[in-house]
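**Q** Residue-level listing of the chains:
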Amino acid sequence: ETGVTQSPTHLIKTRGQQVTLRCSSQSGHNTVSWYQQALGQGPQFIFQYYREEENGRGNFPPRFSGLQFPNYSSELNVNALELDDSALYLCASSLNSGRTIYFGEGSWLTVV
Amino acid sequence: AQKVTQAQTEISVVEKEDVTLDCVYETRDTTYYLFWYKQPPSGELVFLIRRNSFDEQNEISGRYSWNFQKSTSSFNFTITASQVVDSAVYFCALSEAPGGYQKVTFGTGTKLQVIP
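These protein sequence lines are chains A and B, in that order.
Residue numbers for the first sequence follow this note's numbering, so the first one is 1 and each next one is one higher.
Residue numbers for the second sequence follow this note's numbering, so the first one is 1 and each next one is one higher.
Hints are supplied without guarantee of correctness; some may be wrong.
[Said to hold, decoys possible] So, partial list: chain A residues that the calculated Cβ filter (under 8 angstroms) puts toward chain B:
#: 1; residue: PHE45
#: 2; residue: PHE103
#: 3; residue: GLU105
Think of the hints as simulated: they come from the structure by calculation, not from any bench.
Here the structure is a predicted model, which means the values were calculated and not measured.
Ideal Cβ positions, reconstructed from N, Cα and C, are used throughout, including at glycine.
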């Protein structure tokens with residue numbers, strides 16, 4: 001149990017729709033990052049939020065966006081869903097950058 | 001650019017055997033962190049160990065041990081006397097801090113099956 005909780009755990013969306021995934025970080029952790037894990041692959045870094053600002057981004061298009069709230073919880077928004085967006089989305093939190101990151105159980109997204 | 005290679009895609013061992021999972025990494029940074037995570041079928045990534053680039057001391061935790069060798073850019077993970085509960089996908093990961101944020105690069109994982 002890492003203290004990082006994500007919702008929903010599973011969801012199915014139609015191509016072209018929008019989705020919002022939510023994450024509550026471990027207590028006291030001010031840094032949240034999101035990862036996409038396609039089937040059979042390792043997680044890929046999407047972006048990181050620190051004190052409500054995005055301070056780093058991986059190779060993902062702008063239709064992937066996020067928010068971090070004053071309580072350090074976070075949202076991942078994906079617009080104009082594509083079939084290839086089907087994956088496990090993992091949220092991770094840490095206390096400042098450079099520390100160990102702890103992952104939630106993820107949200108399984110299926111786009112049909 | 002940073003890269004992590006886990007050449008072993010799948011490994012099967014019989015319970016109580018020892019098994020080593022290989023990890024080779026590439027980075028231009030002199031300061032970096034290496035991790036191992038375990039991912040059971042439920043999906044959650046379970047943190048196992050974090051090692052910084054200045055600490056080459058090997059570590060043992062119960063049945064788990066890690067061998068960090070900077071000279072060969074390797075960070076291998078050994079499970080001694082494997083158990084069925086060790087069955088999972090194991091990921092090696094590398095973390096740098098470009099521009100102050102932490103980007104973790106994962107390998108493709110090694111699926112370990114421990115047969116009773």
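**Q** A separate judgement is required for each hint: does it hold in the structure or not?
**A** Hints, one by one, checked against the model:
{"no.": "1", "hint": "PHE45", "in the structure": "holds, 5 angstroms"}
{"no.": "2", "hint": "PHE103", "in the structure": "holds, 4 angstroms"}
{"no.": "3", "hint": "GLU105", "in the structure": "holds, 4 angstroms"}
Going down the numbered hints, you'll see the structure goes against none, and every one checks out.
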